[in-house]
Each structure stands twice: as structure tokens, then as C-alpha cells.
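Protein chains: 2
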Amino acid sequence: MSLPHALLGLLAVEPASGYALTKEFERTVGRYAWQAGHTSIYPELNRLAERGLVEVVEEGPRGSRTYAVTAEGRAELRRWLLLPPEGRGRVRNEPVLRMFLLSALDPDDAREVLRRMAEHTARDAEQLRELRDRAPDALDGRAGFGRLALEYGIRATQAAHDWALWATARLDEAHPGSHPAPEATPR
Amino acid sequence: MSLPHALLGLLAVEPASGYALTKEFERTVGRYAWQAGHTSIYPELNRLAERGLVEVVEEGPRGSRTYAVTAEGRAELRRWLLLPPEGRGRVRNEPVLRMFLLSALDPDDAREVLRRMAEHTARDAEQLRELRDRAPDALDGRAGFGRLALEYGIRATQAAHDWALWATARLDEAHPGSHPAPEATPR
DNA sequence: CGACTCATGTAAGATGTTACATGATTGT
DNA sequence: ACAATCATGTAACATCTTACATGAGTCG
Chain D
1 MSLPHALLGL LAVEPASGYA LTKEFERTVG RYAWQAGHTS IYPELNRLAE RGLVEVVEEG
61 PRGSRTYAVT AEGRAELRRW LLLPPEGRGR VRNEPVLRMF LLSALDPDDA REVLRRMAEH
121 TARDAEQLRE LRDRAPDALD GRAGFGRLAL EYGIRATQAA HDWALWATAR LDEAHPGSHP
181 APEATPR
Chain A
188 MSLPHALLGL LAVEPASGYA LTKEFERTVG RYAWQAGHTS IYPELNRLAE RGLVEVVEEG
248 PRGSRTYAVT AEGRAELRRW LLLPPEGRGR VRNEPVLRMF LLSALDPDDA REVLRRMAEH
308 TARDAEQLRE LRDRAPDALD GRAGFGRLAL EYGIRATQAA HDWALWATAR LDEAHPGSHP
368 APEATPR
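Chains as they are written, first to last, in this note's numbering: chain D, 1 to 187; chain A, 188 to 374.
Fair warning: there could be bad hints in the mix.
[As the list claims (entries may be wrong)] Some chain A residues close to chain D (C-beta under 7 Å, calculated; not the full set): (1) TYR206; (2) LYS210; (3) ASN280; (4) ALA336; (5) ALA354; (6) ALA356.
Calculated directly from the structure, the hints in this document are not laboratory data. Ideal placement from N, C-alpha and C gives every residue a C-beta, glycine not left out.
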């Protein structure tokens, strides 16, 4: 299970409440790496606190509690990240599954799915690039968290886009027919 | 849940037994898209059979049953793939999570993790390229299944590799120090 | 005939998701 | 005052993983 380590990682950058972490998951981590709702996060924070890996450092207005990692928490996070990648990282990626299953569709349907993927990835990549270019490179603090990951997101999304166009071309070669030619989206 | 659709997709290309599907997951789908062990697959095949989406088309030697998709199964698969991507595809990707958490490590530790990632992705990409180049392009049948997905795997892995090198360079810029410089792996 | 792979399953426990629930504060 | 957002939780259900279990063929 990676959720506790995801939480340790976010808290290691900056203390936060369960609520704030939930938002963070929605915006960033959950979109590309590991999703979790508040109903997983709150109990997990309590477990981490029991294990002494995080602690409540502040109690705010609406019964909110701000958590921070302890020294042990930091050590645990480091251990986990530096550990041999334990066999292999478990992957569960629905978009990629859809790519696999494309082979099971007839060419016209596959083209349609690819067209939507290309559209979608183009939009996503553009959004991520904007995010990168808008934010002045704050190397530390919450804003800078995932700066490296953001760049990965851009590259991975762009790769998916390029692939979708390439796959469409392959299909066109193998099964030519009358169909709208998709246009490459300029980067 | 995507497992039933993953199974439908594999069976849509070619009928197979639960055992064969399990192997297929280990080799291909499970490594990059959606993992599942035989203890998930067998019960799911039974459920799919009850729902009339697959059927047993042959009974073999050791009590083995070969399943094939029915017309309804094919329709369901098509529906699922062409459906609006239902909000967003759920992603659970431990390697990417590790990339996110890198920001929580000190530069030397982060460099070490990146070094291993670069090594790992270089090896993976090379293996995938070999796979692609060895297999004569059989467009149909089991061998060709995931041919498009294979290309995606290559591109995604290569992107991860390039990113790891880029990230290392960024760290070196921001925190110069005495450390072994990683070499780019030629493709 | 012994070891290995093929082939399928059940059960317990861990994990994750959805629905339900509640109350405090802020903005209009 | 009303709506929206902040903030946390429980319970039921679905799902996934790990361990356990069994037997039939195949190869040397």
C-alpha cells in the first residue's frame, strides 16, 4: 500500500490538514499517480499518528488538525523510496488498459477512440505546460512540490498524444478507407 | 472496475482459458496497464459467464475451460471503450508516485533514486524494443495483440528515462556537489 | 515415480469506494 | 438567514491480495 507514503511525502514538504491533503490529491497526485478520497485519508492519518510517523502540530478553527511528519516519518519515507523497488511497482492504469484493448475493436471504432484520446491528451498537455510556465520556479514550499513530477506529466502526456497520432496513421495504412483525417495539435 | 473489460478484450482477440489469461496478465497487460492474479480472474470469468458476456467453448485435458466472448460481450466491450471516459480513468501508479515524492528527499537521495530509475527504464525500453523488432508484424492473432500498446510502452518508458536524466541535470544545477555523473544510455 | 507445470478453486484479511452523517465558519 | 465551503468522520459494500488447497498431465 502506497497511500501512507504518499501522505508522508506531502507532509514532508509542508504540514497540512486532512482536508488540504484531500484537495491536493484531487488536484495533483491523484490525477497522475495515486488517487485517494477523504474517507481513506482521514483514517490513514490517524494510523500514521498512532505509529508516530506524523503528529498534530496545530488545531485550527473548525476542528481542523494540521499534521506534520516526525523524524521517524521522514526516515520511513526515505527508506521506502530508497528501497529496492520491491519486485515491481504495482500499476493500475485505465487509460493504458484502453490502449491495449484497442486491438479488440474494428478499425473504425479504434480510430474513434484514438481521436478522442488525441484530443484529450492535447488538452491535458497544454494545461500542464501552462501550469509550468505560469508558476515562477519556486523550488521550495507547496508550490514547488511536484515540479519535477509536473515535467514528467507533460512528457508522458505528450508521449501519449504523439502515440495516438502514430497509432491512427498505422490504422490508416493497414485499413485505408474514407474517414476524417485528424490534425496534429501544435505544441 | 476494469478487470471484466480487460478479460473481454483479451478474449475478443482469441479464446483462452483462465490459466492462459493469467499468464497473459503477468507478461503484458499486468505489467503496464492492469494487474490481476488468477484468484481474481477465475471468479471474474464465472461472473462474466453468468452475465452471458463470455461462454465456455471447449473443455480440455486438466479440467481446463476455454472461454470466448459472446456477441453481447463484444457489444459491452465496445460500449465501454467508446463511452465518454466516465469522468477520468482511475490511475494508480506507484512509479509515478515515487517521482512525485522525490521532492520530499534531499538532493543526494533524490539523485540516487533517479539513477536507479534511469537504469531501470533504460533496461525496460531496450527489452520492449527487442520485443517489437523480433516479432514480425503479425497484425492479427494473439501475437499481434497489444502491438499498438507495445509501441506506447516503448514511448512511455523512453519518456520516463529521458525525464530521469533531465531531472538529474536539474538537481545538479540547483545543488551542485561532488557526485557521480550518470551517463545517457544510447538508444 | 518424482518433480514440474498445468489448471482451478476457496477463504481470510486488507484496502478502497460510495453513501450517509454532522457541524462550524465564511460570504452574500 | 441562506448557501457554499471547510472539516471530519462512520458504515456498508465492493474489490484485491495472500495463503491455503487440490488434482491432472508431462517430462526425464
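So, going through the hints one by one against the coordinates:
1. Proximity of A/TYR206 to chain D is violated relative to the hint, the smallest CB-CB distance being about 20 Å (cut-off 7 Å).
2. A hinted interface residue such as A/LYS210 counts as satisfied when its beta carbon comes closer than 7 Å to some beta carbon of chain D; here the least separation is about 15 Å, so the hint is violated.
3. Hint status for A/ASN280 relative to chain D: holds, with the closest Cβ pair at about 5 Å, below 7 Å.
4. A least Cβ separation of about 4 Å between A/ALA336 and chain D falls short of the 7 Å threshold, and the interface hint therefore holds.
5. At about 5 Å, the closest approach between the beta carbon of A/ALA354 and any beta carbon in chain D falls short of 7 Å, and the interface hint on this residue holds.
6. Hint status for A/ALA356: violated, given a least beta-carbon distance of 11 Å to chain D, over 7 Å.
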